[in-house]
Amino acid sequence: MDEDIIIEFTIEAKDHLSTLEEDLLRLEGQMDGELVNKVFRVIHSIKGGAAFLGLVKLKDLAHVMETLLSMMRAGDIRPEHQYIDALLQGGDMIASMMDDIHHSNEMDISRNLALLTALLNGESQSPSSTWAHSAATAYPQTDVAAPASGLKGVEAMARYELNHLPPNYRFLYLLKYDLNQLEHQRITPVTLLKELLTQGEVVDGVLVPPTQDLRLGLPSGHMAFDVLFATWLDMDFLEVLARLPSENITQLDLAAIQKGGRLPAELDTSLSDLVFVSAPSGSAGAGSPETRGSVQAVAPQSRPLRGDAAPRINQTPTKGRLSDEIRSPASGPSSLPLQEMKPDSQTSLFAHSLSSQPEAPVPMASSTPVSGNPSERRNEPNLTEITKPSLPGPVPIVPKEAEEIDFAGRGANSLFGKAGGQTTAVQRSGGDSVETVRINVAILDKLMTLAGELVLLRNRFVRWVDKTNPVSRALAHGMDIVTTEMQESIMATRMQPVGNVFGKFPRVVRDLSRSLQKEIKITIIGSEVELDKAILEALVDPLTHLVRNSCDHGIESPEIRRQKGKNPEGEIVLHAYHQGGQINIEIQDDGAGIQVGKVKAKALQRGLKTEAELAEMTEREVYFLIMQPGFSTNEEVSELSGRGVGMDVVKTTIDGLGGDIEIKTIPGKGTTFLMKLPLTLAIIPSLIVETGDERYAIPQVNVEELVSLYADEISKKIEYAGDREVYRLRDRLLPIIRLNEVLAHRQTFTPETRLEIIERYRREMETLKDAARTDHGASGGGMGEVKRLLSILNIAVLKFGANRVGLVVEKILGMEEIVVKPMHPTMKKLACYAGATVMGDGKVALILDVQGLSRHTGVAALVEDMEEDTKTQRGETTPVLLFKYGPAETFALPLSLIKRIERIAPAQIEKVGDREYVTVDKTSTVVIRVDEYMNVSSAVQKDEMFLLLPKHIRLPMGIMVSSLVDIEEVDLNLNQKAHVEDGIMGTLLVEDKMVLLMDLHRMAERTGKGSSAGMGAAVQSRQGKKRVLVVEDTPFFRNLVASHLEQNGFEVVRAENGREGLSRLNESTFDLVLSDIQMPVMDGMEMVKQIKLSQFHKDIPSIALTSLDSSQDKEKIMASGFDQHLVKLDKAELLRAVQQTLATP
Amino acid sequence: MAQLALLNENILQLASFRLADRLFGVNILDVREITREMEFTPVFHSPPEVKGYVNIRGKVYLILDLRTMLGFPPGEPSSMSRLVIFKPEVGESFGVLVDQVGDIINAPADSVEYRAEFNEGQALQGEPHKNLILGECKLNNQLVIMLNPVNFLKVLE
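Chains as they are written, first to last, in this note's numbering: chain A, -12 to 1132; chain B, 399 to 555.
I should point out that these hints are in silico values taken from the structure, not numbers from a laboratory.
Keep in mind that the hints are not guaranteed to be accurate.
Cross-link-like lysine-lysine pairs, in silico, PhoX-like; alpha carbons within 20 Å at most [said to hold, decoys possible]:
1. A:Lys1103 to A:Lys1085
2. B:Lys457 to A:Lys815
3. B:Lys536 to B:Lys485
4. A:Lys871 to A:Lys909
5. A:Lys508 to A:Lys551
6. B:Lys536 to A:Lys815
7. A:Lys656 to A:Lys585
8. A:Lys816 to B:Lys552
9. B:Lys457 to A:Lys830
10. A:Lys651 to A:Lys585
11. A:Lys871 to A:Lys886
12. A:Lys798 to A:Lys816
13. A:Lys587 to A:Lys520
14. A:Lys656 to A:Lys1
15. A:Lys433 to B:Lys536
Label-pair restraints from in silico Cβ distances [said to hold, decoys possible]:
16. A:Ala731 to B:Pro472: 13 to 21 Å
17. A:Ala1106 to B:Gly500: 32 to 40 Å
18. A:Asp528 to B:Gly500: 51 to 59 Å
19. A:Ser459 to B:Met436: 25 to 33 Å
Here are a few chain A residues that sit away from chain B, every Cβ distance over 12 Å (derived from the structure) [to be verified]:
20. Leu22
21. Ala461
22. Asp710
23. His732
24. His843
25. Ala875
C-beta atoms are modelled at their ideal positions from N, C-alpha and C, and glycine is treated no differently.
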């Protein structure tokens, strides 16, 4: 039994200890009776269990702590620093004893004992002062009402009992027995107590255990058994009844005690004996009502009845009833463990009574195996009543005590579950009952793995199932839902509130602030946020380090803080919260912040970086230097430094968990460490990308944003810095990593590798730029290589720590929850992978390690945050014209888009319908008033206005302007989100002012739409509406092209492929065919061949609209019969070509 | 060295397979299963012997290309190709790609000649990794080269 019980004991005790610290800290400086009681009970039940298991040192320590607590409970001492300190240290010691329970008896607790004892002595004069050496001098007969502050707990426990004695019980005695001697006289304690109970009430009884494991049987030496006995008998009679010589009987002043006086010092002092005297000396012995552990051993069978039963019976006023029937049910003080697990001790002490009264205790004990169980507790009163009569009368003990233990059982839950190492414990805390089951973590892990596999099977199944069949679809749907829920529930079993870890920090901060002589308070937010157990456990060290770091290096000393005008009390905030499927934990302090200069100096001094390297580093990168091994910026090496845990360990741990850490700091204001963690290690949300026909997963925690660059954007935004490719994302330069190149190069990139790659792409880019310049690909030549680039460049912006990189992938497939499988052991040295996973279709995909990728390519240390020198570095600015229409906004248009600026007088404007025209160059030009197109202020009325005539716009139109502001060179990096008016491309910052960049094409489109003016009208007026057949398989392009043409006055018929196009042609007449090349069923070239073969259609002009633009492609296309070849996506070019073609007779 | 499975004292059982038109065998007790799963996920940067990852019923296995390991020219998986997956005690979740599986061979113990007893390089020319071959076994006019899968993963070290 021992091992199981000991394990159970330590588990339970650790549970209790986990709250101990927090409670003590809350108590500190702020007395709270409830809390003291709670702490008391925790220590008390540990003491009980320890005593029972023969864990002497543990018991002794708990005992002294309990004493101190009971003083606190009685109000003799206030929960001041020194007491809390001592108690906290005691708690720590207990915890470490629990960690190595088998050697706990060899641990040195003298320091703790000395500290606690000193406090007990120093604080209260009389009893406490005697408590270390009082065994011999105790029990002064007359000193009845002497304050016994050392043992207020006992008093509290017994007081209720004392105050409810029958009125004729005028005397209170302390009886001191030696059990061994009794045995000599062939008197069992049970008989003795039975006898006593015929004439009075046993208020309390304490077995003083020798420091020896009771399991080994009764010790042979002196064994003190103290009984507090209330009776109507006077001293003379009592000697007879109690079978004690008068020197072993102490009379106490019951009346005084009942009036609120103190319990006898004897009870207190006897306690000291327990602690310091292994076997009580002298005839007096030492007894303490506190030693419940041993009491339990004495009276185990009565346990089930304690609690409710005790007070009730004590309230029964009739003496007869009390004595005749049943002190025993009332008197079960034992806490369950003993009672349930220690039949041996029962036998040893109660052999006689048990055998003579077989019906009583045993069945009862088994009928209430777990004290906390609510249902069983509900039954207790009944049980008590039913079994009362059959109980063996005499059991030493005190109802008060029973009550106390019941507290322990209720509040702190049973110290042991059931005997025999069962893993189930039912808890009851406070009013509401929470049922919990202990489960081996290995089982949970297994469940987790299985759930992961089920998820994968589900994914495959759902994909495989015939979705056209309603039954299988419903089944798949059901399975989908259930699997998800199951997986979530199983994950939930592993989730634990971060409060479990956060809880230790008030203590850490408190201790640190005292040793550092700083004033620091800690605020905890989000304790309830839950994290996977494994992650939480791994977080303890990094969190501790960060908090320590904040105390040590972050928060300044009170003097400095005062000088700086800060609150002398620094604050650390621990904050946990959910964000986007991750858990964020912030450790924020309002201290000095990280000083870049200091960090740099240190890095230099430590030889971590060279001066040149430092000069190139951004602030953020400098902050991350503190994560380098062996970094400390604090000038004085404090007590806390050099503990062997560095900030580098923090980073390593967080990385290992698949998380990320960020540092934000404001010099003088404070520092925030932000840890981003996955909810669980096993299943993580990831971005799925594709390159070279293989899919790869990138943990979402590393993904910052996704960018797709189209066509000529690519050549504009991809730049070269030495041997590196960079992408300008807003104000940052991102190093570019091309996944296909990474995968193709097994060896870590050398500068040569990078140059080689860069050169390749740069050449392609040049070609692309050339192509872009030459009128949008209408002229061909060497476009083959550019083709790929022309399409789309997908960039996943990834981050790790302070670094950002852009990963170029072929496709971005979306987010997916993936089940992480570790890399095969032989593959772990491949830095680019973090693991593997099985995708929905059953294929394995590798999980990319972002940091590994950037190391592999050597781009890890590259530029960022370069906003300040944007202009000089970039050198690619565009002149824009700034102008105003209304008084409020400033608009911008690139000069390159403006044909010229006309002065006009408002009087010149003619109105036709709802449109206004002026004649410019003998052409009626639509006047565009910006406030009619978007929500902006209306025009400043002037006699002379301006008209901006745009280039490249077919529709004769001009934008009315009230004043011209300036021409500025600006970087056309738009903030496109900021302004979403239709007709505005985005906003720019010019001289710190926001200007709106006008979208001329959009304005033109809107002007042309539904108007009878404009180009379309011109076409129509000549010949009626021209009919265009648009053949295109992609709905998006089909509609784009068609509506663009429709807006410009053409009638459009759409077809999805060549065959459909041919049949449309046969249905009516067309002026033009616009066709894609690559289409299903029949491609564009085949269709055009057919058209050219047809007598009816061969004269209809045809334009190929395609993304195939290499010279070979083009030749092929033209050979098939198309009249013209256009690259997709250029609306203006398209319109121009269409109009030109139709204009030619 | 792997324990050889002895049917009775004198017979050992080999799972046989073909590779580059040669017959090989491994102790059948080392084999967990043989599968036709051929959907490899390449692990770029891995040694050339690594064929890739496969998923077999939700578990991920690392597959080695036995041809490469034994110094044969690489071949593309065919419809006859199979994966021989080994038990965990042989090495962590791995298997090898073979051209074709053959019968289980019951080899009389005395037909086995262990490596130490024949000349290095006799079985295979240019074998790049030592210790993969346990020995050979001559049976009814065919020669079975017995491999020692315990050493397979060591190739990657």
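Taking the hints in turn, this is what the structure says about them:
With a CA separation close to 19 Å, the supplied pair A:Lys1103 and A:Lys1085 stays within the 20 Å bound. A hinted pair counts as satisfied when its Cα atoms are at most 20 Å apart, and B:Lys457 with A:Lys815 qualifies at roughly 17 Å. About 26 Å separates the Cα atoms of B:Lys536 and B:Lys485, which puts this hinted pair outside 20 Å; it is violated. Note on A:Lys871 and A:Lys909: the hinted pairing is violated, with a Cα-Cα distance of about 26 Å set against a maximum of 20 Å.
For the hint linking A:Lys508 to A:Lys551, the alpha-carbon distance of about 18 Å falls within 20 Å, and the restraint holds. Between B:Lys536 and A:Lys815 the CA atoms are separated by roughly 40 Å; this puts the pair beyond 20 Å, and the hint is violated. For the proposed pair A:Lys656 and A:Lys585, the alpha carbon gap of about 16 Å is at most 20 Å, so the pair holds. Of the supplied pair hints, the one linking A:Lys816 and B:Lys552 holds, its CA atoms being roughly 14 Å apart against a limit of 20 Å.
Restraint check: the Cα-Cα separation between B:Lys457 and A:Lys830 comes to about 11 Å, which is no more than 20 Å; the hinted pair holds. Annotation: proposed proximity of A:Lys651 to A:Lys585 holds, straight-line Cα distance about 16 Å (limit 20 Å). A C-alpha spacing of about 18 Å is found between A:Lys871 and A:Lys886, which places the hinted pair at or below 20 Å, so the restraint holds. Between A:Lys798 and A:Lys816, the direct Cα distance comes to roughly 27 Å. Violation of the 20 Å bound is thereby established for this hinted pair.
The suggested pairing of A:Lys587 with A:Lys520 is violated, with an alpha-carbon distance near 38 Å, which exceeds 20 Å. For the hint pairing A:Lys656 with A:Lys1, the CA-to-CA distance comes to about 39 Å; that exceeds 20 Å, so the pair is violated. With a C-alpha separation of about 46 Å, the suggested pairing of A:Lys433 with B:Lys536 is violated against the 20 Å cut-off. Distance hint for A:Ala731 and B:Pro472: a CB-CB separation of about 18 Å, consistent with the stated range 13 to 21 Å.
At roughly 56 Å, the beta-carbon separation of A:Ala1106 and B:Gly500 lies outside the given 32 to 40 Å, and the hint is violated. Under the hint 51 to 59 Å, the C-beta atoms of A:Asp528 and B:Gly500, about 55 Å apart, fit the expected range. The hinted window of 25 to 33 Å between A:Ser459 and B:Met436 holds, with their beta carbons roughly 27 Å apart. Annotated as non-interface, A:Leu22 keeps its C-beta farther than 12 Å from every C-beta of chain B; the closest such distance is 50 Å.
Against chain B, the non-interface label of A:Ala461 holds: every CB pair exceeds 12 Å, the least being about 25 Å. The Cβ of A:Asp710 sits about 21 Å from the closest Cβ of chain B, beyond the 12 Å cut-off, so the non-interface label holds. At the 12 Å boundary, the C-beta of A:His732 falls inside the reach of chain B, the nearest C-beta of that chain being 8 Å off. A beta-carbon of chain B is positioned within 12 Å of the beta-carbon of A:His843; the least distance is around 8 Å.
The beta carbon of A:Ala875 is kept farther than 12 Å from every beta carbon of chain B, the shortest such distance being approximately 57 Å.
Violation of the numbered hints given earlier is confined to hints 3, 4, 6, 12, 13, 14, 15, 17, 23, 24; the remaining hints are satisfied by the structure.
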